[in-house]
Amino acid sequence: MGWEERQVRGYPEFVRAAQSYHGRPIFALFCGDKDAEGRSWCPDCVTAEPVVRKELHNLPDESVFIYCLVGDRAYWKDPNNEFRKNLKLTGVPTLLKYGTPQKLVEEECFKAELVRMLFTED
Amino acid sequence: MAALWRRPRPPAVSGLCRTLRALSGKNQYDLLVIGGGSGGLACAKEAAQFGRKVAVLDYVEPSLQGTAWGLGGTCVNVGCIPKKLMHQAALLGSALKDAQHYGWNISQPLHHTWSMMAQGVQNYVKSLNWGHRVQLQEKKVKYFNIKGSFSDPHTVHGLTKAGKETVVTADNIVIATGGRPKYPTHVAGALEYGITSDDLFWLKESPGKTLIVGASYVSLECAGFLTGIGLDTTVMMRSIPLRGFDQQMASLVTEHMESYGTKFLKRCFPTKVEKLKSNKLQVTWKNADLGTEETDSFNTVMWAVGRAPDTKTLNLETVGVKTNSETGKIIVDASEATSVPHIYAIGDIAEGRPELTPTAIAAGKLLAQRLFGQSSELMDYDNVPTTVFTPLEYGCVGLSEEAAVQRHGSDNIEVYHAYYKPLEFTVAERDATQCYMKMVCLREGEQRILGLHFIGPNAGEVIQGFALGIKCGATYPQMMKTVGIHPTCAEEVTKLHITKRSGLDATVTGC
Numbered sequence: 001m002g003w004e005e006r007q008v009r010g011y012p013e014f015v016r017a018a019q020s021y022h023g024r025p026i027f028a029l030f031c032g033d034k035d036a037e038g039r040s041w042c043p044d045c046v047t048a049e050p051v052v053r054k055e056l057h058n059l060p061d062e063s064v065f066i067y068c069l070v071g072d073r074a075y076w077k078d079p080n081n082e083f084r085k086n087l088k089l090t091g092v093p094t095l096l097k098y099g100t101p102q103k104l105v106e107e108e109c110f111k112a113e114l115v116r117m118l119f120t121e122d
Numbered sequence: 001m002a003a004l005w006r007r008p009r010p011p012a013v014s015g016l017c018r019t020l021r022a023l024s025g026k027n028q029y030d031l032l033v034i035g036g037g038s039g040g041l042a043c044a045k046e047a048a049q050f051g052r053k054v055a056v057l058d059y060v061e062p063s064l065q066g067t068a069w070g071l072g073g074t075c076v077n078v079g080c081i082p083k084k085l086m087h088q089a090a091l092l093g094s095a096l097k098d099a100q101h102y103g104w105n106i107s108q109p110l111h112h113t114w115s116m117m118a119q120g121v122q123n124y125v126k127s128l129n130w131g132h133r134v135q136l137q138e139k140k141v142k143y144f145n146i147k148g149s150f151s152d153p154h155t156v157h158g159l160t161k162a163g164k165e166t167v168v169t170a171d172n173i174v175i176a177t178g179g180r181p182k183y184p185t186h187v188a189g190a191l192e193y194g195i196t197s198d199d200l201f202w203l204k205e206s207p208g209k210t211l212i213v214g215a216s217y218v219s220l221e222c223a224g225f226l227t228g229i230g231l232d233t234t235v236m237m238r239s240i241p242l243r244g245f246d247q248q249m250a251s252l253v254t255e256h257m258e259s260y261g262t263k264f265l266k267r268c269f270p271t272k273v274e275k276l277k278s279n280k281l282q283v284t285w286k287n288a289d290l291g292t293e294e295t296d297s298f299n300t301v302m303w304a305v306g307r308a309p310d311t312k313t314l315n316l317e318t319v320g321v322k323t324n325s326e327t328g329k330i331i332v333d334a335s336e337a338t339s340v341p342h343i344y345a346i347g348d349i350a351e352g353r354p355e356l357t358p359t360a361i362a363a364g365k366l367l368a369q370r371l372f373g374q375s376s377e378l379m380d381y382d383n384v385p386t387t388v389f390t391p392l393e394y395g396c397v398g399l400s401e402e403a404a405v406q407r408h409g410s411d412n413i414e415v416y417h418a419y420y421k422p423l424e425f426t427v428a429e430r431d432a433t434q435c436y437m438k439m440v441c442l443r444e445g446e447q448r449i450l451g452l453h454f455i456g457p458n459a460g461e462v463i464q465g466f467a468l469g470i471k472c473g474a475t476y477p478q479m480m481k482t483v484g485i486h487p488t489c490a491e492e493v494t495k496l497h498i499t500k501r502s503g504l505d506a507t508v509t510g511c
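If you read the sequences in order, they're chains G and W.
Using UniProt numbering, read the first sequence as starting at 1 and increasing by one per residue.
Using UniProt numbering, read the second sequence as starting at 1 and increasing by one per residue.
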């Protein structure tokens with residue numbers, strides 16, 4: 001079985017999704033909400049998403065890719081939002097390997113080799 | 001016990017090397033660094049800054065107990081970093097005890113959970129492994145997770161974890177493979193039942209009642225924090241503590257540890273380790289003073305009897321890199337060059353160098369600058385400050401009193417000293433008996449400061465600034481002209497005036 005994608009919005013939905021995949025490698029990309037036209041308020045997320053998607057074929061078998069919209073700009077700017085508090089996210093976009101200290105933040109997500117490294121290294 | 005299995009070098013490899021160079025006429029990389037620790041990574045990253053093609057090999061041979069770790073070397077994974085964090089965990093325990101005197105309601109007795117501390121430390125270390133991976137990638141340094149061996153002076157080969165043969169050729173090669181803890185192989189049961197610092201920091205469960213054999217700073221620092229988190233801890237020493245350090249200071253360090261709760265078996269050496277039905281370890285040892293044999297049981301036995309370089313698999317003889325027959329370390333000159341002109345060695349693997357992260361990093365950077373920049377600056381190994389992070393820390397820079405006496409003669413040096421009490425200890429009713437400092441100076445001329453030694457809280461922070469003074473050739477009169485910051489422990493350095501020679505009481509009185 002290859003890898004699969006799950007799309008979620010907001011912190012509670014993210015936690016539920018991560019828990020449901022317990023035991024499998026979980027990679028998550030956190031981005032700002034998208035408007036009706038599908039554009040995110042976060043310009044770096046707009047740049048990073050296609051780069052990350054292009055590397056998804058490198059995901060190890062059995063792994064899960066959770067694409068998570070964190071909320072609107074005001075929610076994200078709040079220093080006490082659950083993503084900042086509980087997941088220790090410092091910026092969007094963030095691409096991480098759930099349950100490990102391995103993550104890429106902001107401009108690091110623009111680099112295909114770094115994304116590939118995150119998906120393939122131990 | 002992990003089997004040490006070595007594949008015979010495939011005959012095809014040397015042919016492959018010749019073919020590679022014959023095809024292109026040049027080597028694949030400007031610089032190959034073997035070893036991704038403090039020295040190796042610093043050298044590689046610096047060389048990459050000059051736009052050079054650089055590759056790093058890093059490989060961690062699992063310990064006998066099976067412990068392994070990621071990129072970053074000893075300091076990051078099984079040395080400085082986890083050590084200092086666990087030392088901090090222990091200090092916080094003492095701080096909680098002090099807190100009561102300062103008005104905090106802390107429920108006694110205090111309880112420490114090893115797994116929680118270990119998880120926090122291990123997670124931080126793993127984030128550093130990842131950080132190094134990202135940095136290498138960003139700086140365009142090629143990384144191979146393979147154990148390299150020389151096949152010829154410009155060629156290193158090795159197997160990836162998947163078993164793929166990889167060959168790397170380079171114009172310049174830097175060996176920075178460091179060292180690993182030694183085992184006392186003559187002690188029965190040592191390899192089967194003992195652990196080393198390689199394993200201690202990665203234990204998932206508490207080590208419990210622990211015996212640490214050795215008198216090195218590794219032994220004392222580990223015993224110190226284990227005692228601090230509440231474990232029954234014993235240090236077994238064959239002879240003197242902290243060999244190579246100022247012995248008066250070393251004694252004060254161990255004295256404090258004893259009053260702090262660490263047990264010491266002095267002038268003892270182990271003869272065997274056996275496993276009991278209860279899974280505890282029975283250790284038998286000889287007491288050299290009393291001529292008796294004694295035994296006790298422990299949950300964990302840790303060997304801290306020295307570190308040795310792992311050069312066997314490097315194949316150094318094949319390419320003519322000379323090593324010291326006694327230590328096994330690689331012989332280098334002032335420019336870190338080995339007996340083979342384009343092969344260098346830095347860090348713990350190099351003979352005669354301090355086994356410290358900052359000197360390895362500095363040497364690595366300067367080497368890269370000399371090779372690829374326009375620099376000719378050599379590494380200055382004089383007056384390197386350092387600190388032993390025992391429960392009461394000992395920081396020093398420059399000569400020990402013994403070394404100063406040997407070099408200049410006791411008539412030509414003056415030792416200023418003082419016993420002091422940190423202000424924070426007063427209300428907390430803490431014993432400051434071993435809080436002490438001394439400054440060794442030349443007696444004649446400008447009275448240059450040769451060495452400074454400080455035992456007390458935050459010794460590393462205290463000594464760091466004074467290291468600059470020593471580097472600049474500071475003198476006793478200059479130190480006396482330096483105004484102290486009040487109230488601190490460090491200010492007492494600027495006020496040192498009682499000499500050992502005078503025989504007067506060296507206890508500092510209040511302001």
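None of these hints come from the bench; they were simulated from the model.
Each hint should be verified, as a subset may be incorrect.
[Stated by the list, open to error] Subject to a maximum C-alpha distance of 25 Å in a straight line, what follows is the list of computed DSS-like cross-link-like pairs (lysine-lysine):
1. W:Lys312 with G:Lys97
2. W:Lys142 with G:Lys111
3. W:Lys421 with W:Lys84
4. G:Lys111 with G:Lys34
5. G:Lys111 with W:Lys266
6. G:Lys111 with W:Lys126
7. W:Lys126 with W:Lys140
8. W:Lys97 with G:Lys97
9. W:Lys209 with W:Lys139
10. W:Lys142 with G:Lys54
11. W:Lys280 with W:Lys209
12. W:Lys421 with G:Lys97
13. W:Lys182 with W:Lys164
14. G:Lys54 with W:Lys84
15. W:Lys481 with W:Lys471
16. W:Lys277 with W:Lys266
17. W:Lys164 with G:Lys88
18. W:Lys140 with G:Lys111
19. W:Lys84 with W:Lys142
20. W:Lys209 with W:Lys263
21. W:Lys84 with G:Lys88
22. G:Lys111 with W:Lys182
23. G:Lys97 with W:Lys209
24. G:Lys54 with G:Lys77
25. W:Lys161 with W:Lys209
26. W:Lys26 with W:Lys204
27. W:Lys139 with G:Lys97
28. G:Lys97 with W:Lys277
29. W:Lys312 with W:Lys182
30. G:Lys85 with W:Lys263
31. W:Lys204 with W:Lys142
32. W:Lys312 with G:Lys54
33. W:Lys209 with W:Lys26
34. W:Lys53 with W:Lys182
[Unchecked claim] Which bits of chain G does chain W cover? Going by a derived footprint, with three or more residues having C-beta under 8 Å, they are:
35. 88-102
36. 107-118
C-beta atoms are modelled at their ideal positions from N, C-alpha and C, and glycine is treated no differently.
- Item | Unmet hints by their number, sorted upward, for this structure | The structure conflicts with hints 1, 5, 8, 9, 12, 13, 14, 16, 17, 19, 22, 23, 24, 25, 26, 28, 30, 31, 32, 33, 34, although it agrees with all the remaining ones.
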